[in-house]
Each structure stands twice: as C-alpha cells, then as structure tokens.
Amino acid sequence: MSAELAEPASKIELPAGVGGGGEIPSFDVTLRVRRYNPEVSEDATWDDFKVTMYGTDRVLDALHKIKWEMDGSVSFRRSCAHGVCGSDAMRINGRNRLACKTLLKDLDTSKPITVEPIKGLPVEKDLIVDMEPFFQSFREVMPFLINRGHEPTKERLQSAEDRERFDDTTKCILCAACTSSCPVFWTDGQYFGPAAIVNAHRFIFDSRDDAGDMRLEILNDKEGVWRCRTTFNCTEACPRGIQVTQAIAEVKQAILSRKI
Amino acid sequence: MTATIQSPRSGKIQPKYRRTGGSKGNFEMLAWLFMRLSGVVLVVLIFGHLTVNLLVGEGIHAIDFGFVAGKWADPFWQFWDLAMLWLAMLHGTNGVRTIINDYAEKDATRLWLKIVLYAATTVIIILGTLVIFTFDPCPVANGVQLPGGFCPAP
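In the order they appear, the protein sequences are chains A and B.
Under my numbering, the first residue of the first sequence carries the number 139, and numbering increases by one thereafter.
Under my numbering, the first residue of the second sequence carries the number 27, and numbering increases by one thereafter.
Here chain A stands alone, though its shape is the one from the complex (with noise of 0.2 angstroms):
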C-alpha cells in the first residue's frame, strides 16, 4: 500500500477560532444505573457511575463508556443508536425516553442521572425487558395491509390527503415507551396500549385497507381504547413525537361511530 494520505486542505477559508475543531465542553456525571441479575439476586439495586462526557453525548454514549471502559456486565438492548429503532428505550430520571435522542446536557448533570428499564413489562436483566407481551398486542390488531380487492398491476395508489390522515401513527418505531408508560398498563398487563392502538389506527385510517372493522372490533374489547383513561403519559413519552393520546380519541370515535 502506498503511504497514508494527507487530509486535503480546507477549501474554505477560515479565520482562527471560528468553527470546527472548537473544543467540546466536557463535565463529569453519575449514572445511577438500576441492576438486575436474576442468577445472582432476586432483587434490583442501583449502581452509580462516574463518567466524563462531552456536551455532545447522549445517555447512550455514557452507557456505552461504562459497559465497554467501567463494568462489561451492564445489559442494555441498542441497535442503530440513532433514534429509528427502537430498542433502547429505558426510563431516564424517571421518563421514558430512547436513551440515544437524550443529551446529557439536556439532563441535570449536578444530580446522578438515573437510568432504569422501561416499567410494566418483566424485566429480564438490568435494563432489558421481555418485550414478547408488546408484540403480541401489535400482532393481535393485525398491523399489515388487507385488502379484498383485485390485486393492482403496479402500485395501490393514494391520495395525499388520504395519507395525510394517518400520517402522524406511521412514524411508530415500537419502542415502547408509550406502553410502558401508561399507568392502566403498569396494572395488570391486560391494557392493549397505546402502542397496539397506534399501528392500528395506522391501518383504520388507511383508504387502502378493508379490514377497519374487524380491527375496531377487536379494540372495542374490554381491555381495548375504552381503557384509556387520557393521562398524556404516552403521548409525552413517544420520542417521535406521535400524538398517541389523539389517535387514541379516533379510534373511539370511529367504534362508536360504527355502532351508532
């Protein structure tokens, strides 16, 4: 191979101590980390951790520094750690939110921070939860397309307006924050949450789609949208900023105006 490289100049001209390579303020932080490790103990304790981080770090950034630098037995789900997944969703300082969107300098940084799995849902080790009863309410409002019509040559199309409509319930990433944030599901588990009402209404509202009827028949369950109690949690908690707790309201209006 040849010689490295040298980076080529700037075509732009810059005077000294304007842009770029300013130097990122960095500050020192706890995390207060909630453990859980059913093969050593049946029960959760806290662990804290002291990190220096940059202003330009997120939660998941000082998760990553203690698991790879600090304690390599800190468990914590994440996959493309830029805010599309989903996976890491966890309750930080007592919020659910997806620790890769979260700044630590949006945070108090002069108080530990807490991090702690996502509530509701049965947690499997630190900060990884059983997510199977999430999905199985996803699955059981049928979140794909059916329709009886003729099968299109090309593509089904749509009018803008009929894709404005649900427009804002297709960002979901099922992330679960808004599930495991609602307290009529933190109960008993039976709730089929926002999120399940969410891709359905995705659906509902769909011109394309002729199964409408049988997904609002299956949300009208007792455990379906009547369980809303509208507390917001959910819609405060979606960190794509879907209006969950509205979705919610049009799905009710559409059951009842079905059935009356």
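Derived by calculation from the structure, the hints in this document are not laboratory data.
Where hints are given, some of them may not hold.
[Unchecked claim] Straight line, CA to CA, 20 angstroms or less: simulated PhoX-like cross-link-like pairs of lysine-lysine: (1) A:K360 <-> B:K50; (2) B:K50 <-> A:K397; (3) B:K42 <-> A:K360; (4) A:K249 <-> A:K203.
Quick caveat, the model's predicted, so the values are computed rather than measured.
Starting from the structure of chain A, add chain B where the hints point.
Okay, now just chain B, sitting in the frame of chain A:
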C-alpha cells in the same frame, strides 16, 4: 460445566399478560359514552340545584325542612332530584368501578371491592328513590300527627 440454551422464546407470553376474557358486547363502550353524557347532564342539574337552593330568593337562609317539603310537593323537582340521584350515583359508581379495575391488583380484591360498591349503590339509589316519592311532610302515626310544627292540625 454444561449449559442449556433455551429454545427461542418468540411468541411465548407470560400468563399474566395473556388476555383471557373474550368479552363480547359493547358494555365498556356504553359505559364510556354514559360517563360523557351523564356528566354533561349533571352539570346542568347540579348547577340548577345549587342556584335554586342557595342563590334565588332568600338563598341559603331559606333552607329548612319546610323548604325541602315544598320542593318535593312539585313533580318537577321530584323528577329533577330523581334524575340527579340516579345519574350522580351511576356516574360515580362507574367512575369508582374503573378506578377499582385500574388499581386493584388481585382478582379477589377487585371482586370484593366491586361487590361492596354495587351493594352501596343499590341501597342508596333505592332508598333515595323511595324518599323522593313517599316523602310526606305531615307524617301521621297511629292517628297521631308526629311532631314537626309545619303542618296544620288535622
């Protein structure tokens, strides 16, 4: 040391999360709708009640046994109070029912709390309805008028 790796768990749900009761019917929908409608009607009934009892005329100073007796001599106020009693009791009972559903963690606790709730509701509604319709401002027992002081001597 041998380790056993469990088979993939996808689709296996802990029993606690499994929805068992295949509830057919629209009870929860009707209960939800009733809460909204009765709430609106109750706002009118209760503020009407408060205005007539506490603000109009001599206001709060006019309230005594005779005032209530006078109101219940009128079928309009009998109906008004009856509607208020039934709607408020059913509205409140349904509210407490949902609170019990949301907060009771054991099925047995839930069952017993609801039994107490429904029993109390039934007693109050029946008793209240009886009072409204059988109310007699001048009760007579064994041919003797009971003390009260409002009624003219027979």
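Okay, the hints, checked on the actual structure:
1. A:K360 <-> B:K50: The given pair, whose Cα atoms are some 8 angstroms apart, holds under the 20 angstroms limit.
2. B:K50 <-> A:K397: holds (14 angstroms)
3. B:K42 <-> A:K360: With Cα atoms ~16 angstroms apart, B:K42 and A:K360 stay inside 20 angstroms; holds.
4. A:K249 <-> A:K203: holds (19 angstroms)
The structure shown violates none of the earlier numbered hints.
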